[in-house]
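Engineer: Protein chains in written order, with the numbering used here: chain A, 1057 to 1383; chain B, 1057 to 1383.
No lab work stands behind these hints: they were computed from the structure.
Where hints are given, some of them may not hold.
Each pair may be met inside one copy or between any two copies, as identical chains are not told apart.
Stated by the list, open to error - The list that follows gives simulated cross-link-like pairs (lysine-lysine, DSSO-like), each with its CA atoms no further than 27 angstroms apart: (1) Lys1380 with Lys1135; (2) Lys1200 with Lys1238; (3) Lys1238 with Lys1296; (4) Lys1355 with Lys1200; (5) Lys1296 with Lys1165.
One-letter residues, chain by chain:
2 protein chains.
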Amino acid sequence: MIKKTAFSLCIAGFLSPIFAAEPIQVIQPVQNINLAQVELGKKLYFDPRLSKSGFISCNSCHNLSMGGTDNLKTSIGHKWQQGPINAPTVLNSSMNLAQFWDGRAKDLKEQAGGPIANPGEMASNHSLAVDVLKSIPGYVREFKLVYGNDEINIDKVTQAIAEFEKTLVTPNSRFDQWLLGKQDALSEQELAGYKLFKESGCTGCHNGPAVGGNSFQKMGVIEPYHTRNPAKGRAAVTGKDADRFMFKVPTLRNVELTYPYFHDGEAETLTEAVDVMGRLQLGRKFSKEENAQIVAFLKTLTGEQPAFLMPILPPSVDATPRPKPFD
Amino acid sequence: MIKKTAFSLCIAGFLSPIFAAEPIQVIQPVQNINLAQVELGKKLYFDPRLSKSGFISCNSCHNLSMGGTDNLKTSIGHKWQQGPINAPTVLNSSMNLAQFWDGRAKDLKEQAGGPIANPGEMASNHSLAVDVLKSIPGYVREFKLVYGNDEINIDKVTQAIAEFEKTLVTPNSRFDQWLLGKQDALSEQELAGYKLFKESGCTGCHNGPAVGGNSFQKMGVIEPYHTRNPAKGRAAVTGKDADRFMFKVPTLRNVELTYPYFHDGEAETLTEAVDVMGRLQLGRKFSKEENAQIVAFLKTLTGEQPAFLMPILPPSVDATPRPKPFD
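Pulled out of the complex, with its shape left as it was, chain A reads as follows:
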């Protein structure tokens, strides 16, 4: 009996997708979340009062209605400044080995403090942002409820935002359903695309649950990548010339929603992105049919988008420092 059961399992494992052997793994449900921090963090994520203008929130450039991005080549910052780089998606970003394209923030908490104080983005500073929150009775009560004491500081602000961002995972894509055994979840074309994606070497960098996000790689391996974008990549962090043009491999989860592509946002379509990646990173020119197969596969990585009630922000009071959009 024991032998027969083991044999059956083995057969089953052989016939169904071999989970452990695939270079891409399903997105796991979120665990160990502090829900009170999440609710506070959600408000902060949507609060434009963390910016100097009172107009730009985290959600302005990482829009959760739009795949956690702004779908712009580069973002729009304070006073309509043109951002230096394409805004990466916040979706599944907790799985990244580090944050920003050059990995200069070690985690979501450290990342969240960046744009608030960046003169080209939200253009506030940590001290002013905290003063604004301290003046708002609704926030004062909620910080106390969540953290158990009266202090509000940037550490708690970014911690709460990061906790909210950890919930922004997108499970149950058709690809994940297939990984979990639903054999008809993918079409023949999509399966052919996945096979090609693996066999061509794309999974060398785009692997793991996020299909990327877990290594830095050079943009332009076989052929150099030409761009007018001045971003140096990892070298800006390490100071090493060898790290020039090393960027964090972007997640391909929800890539259908996160156009345009690459750190400079220069690839407008998935077709273009697949073509450039094939030639520059793998030395392979995909045929029109192959390209379409890979694109079809990539679209199966669109998961369930975060569903939540639009947060209602506690109002400012007379003492709240006012935004200065035109100063």
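Use these hints to put chain B onto chain A, whose structure you have.
Structural biologist: Chain B only, in chain A's frame:
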């Protein structure tokens, strides 16, 4: 029996707040709503692709996390242009006799078309906005589902947005609870404020379910209002000199959330707004205590804010016209 019942009703009417006699009425629940149009309209309301930049949506300036306004003196438009006037709240705006401060749009549908094509706001045009939507398969399907045919035009776009906006009412404020008979819903100070609000003549203009929104009145009746804001008010629509500085009376529902105040956004606090209104419109200087009473009353007009899931927008495809934020 019939006589006794009538008598009981009469007594009940006498003891509870005399509903019909109050100048302010409760906000009625929304009726006759086309829910499919609402869902489509919600997406359009949040979709920045209706703007030239791909960055500004209806919700940018009428932010439903912030009382349906942007809480700025005047709004920020395409390329950070400074708007000419304070963004009125979208909450309860279906009750307005007309839309915009000068009433130049007869209803919400007509209003919705304005900012899309205004070069200083969303800076697109109706033809481009419709072309963008026509290119997006998710919208094509939803328009067909909602309207029963294949055509997408600006009429349907603005109709759907208006239908969504009709749902943005804020019932069940503490004041409405009091109107409906909950005698302890208001404090003594708040009741004193309401009494003063009525007796001073505020309800001459701020009346009805929206506590305003149902007439045009001159800004500066007893004393002239001095402002650098060039808005002419109703005269810009009628061409009549007599209509200069005639503005739509703003709703006071949720006024705690819709700071700053007046068409030019120059009053930063409710205290200031009440003081200016008393002097300029009524020739009355409220004492500090009286002012505080009225402000306390006004804060009881904050109702339940619209609660809905953040919409997920259908993605653009290769053929979708791209935003041009920096052109």
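Engineer: When no copy is named, should lysine 1380 and lysine 1135 be tagged within, between, both, or neither for a Cα gap of at most 27 angstroms?
Structural biologist: Result: close both inside a copy and across copies, 11 angstroms intra and 16 angstroms inter.
Engineer: Pop the pair lysine 1296 and lysine 1165 into one bin, within, between, both or neither, using alpha-carbon distances up to 27 angstroms.
Structural biologist: Only inside one copy: lysine 1296 and lysine 1165 sit 26 angstroms apart there, 58 angstroms across copies, limit 27 angstroms.
Engineer: Indicate which option fits the pair lysine 1200, lysine 1238 if close means a Cα-Cα distance not exceeding 27 angstroms: within, between, both or neither.
Structural biologist: neither (46 angstroms within a copy, 31 angstroms between copies)
Engineer: For lysine 1355 and lysine 1200, with the copy left unspecified, which applies at a CA distance of at most 27 angstroms: within, between, both, or neither?
Structural biologist: For lysine 1355 and lysine 1200, the Cα distance is within 27 angstroms only across copies (24 angstroms; inside one copy 43 angstroms).
Engineer: If the cutoff is 27 angstroms on CA atoms, where do lysine 1238 and lysine 1296 land: within, between, both or neither? Let me know, please.
Structural biologist: neither (46 angstroms within a copy, 70 angstroms between copies)
Violated hints, in rising order: 2, 3; the structure is consistent with all others.
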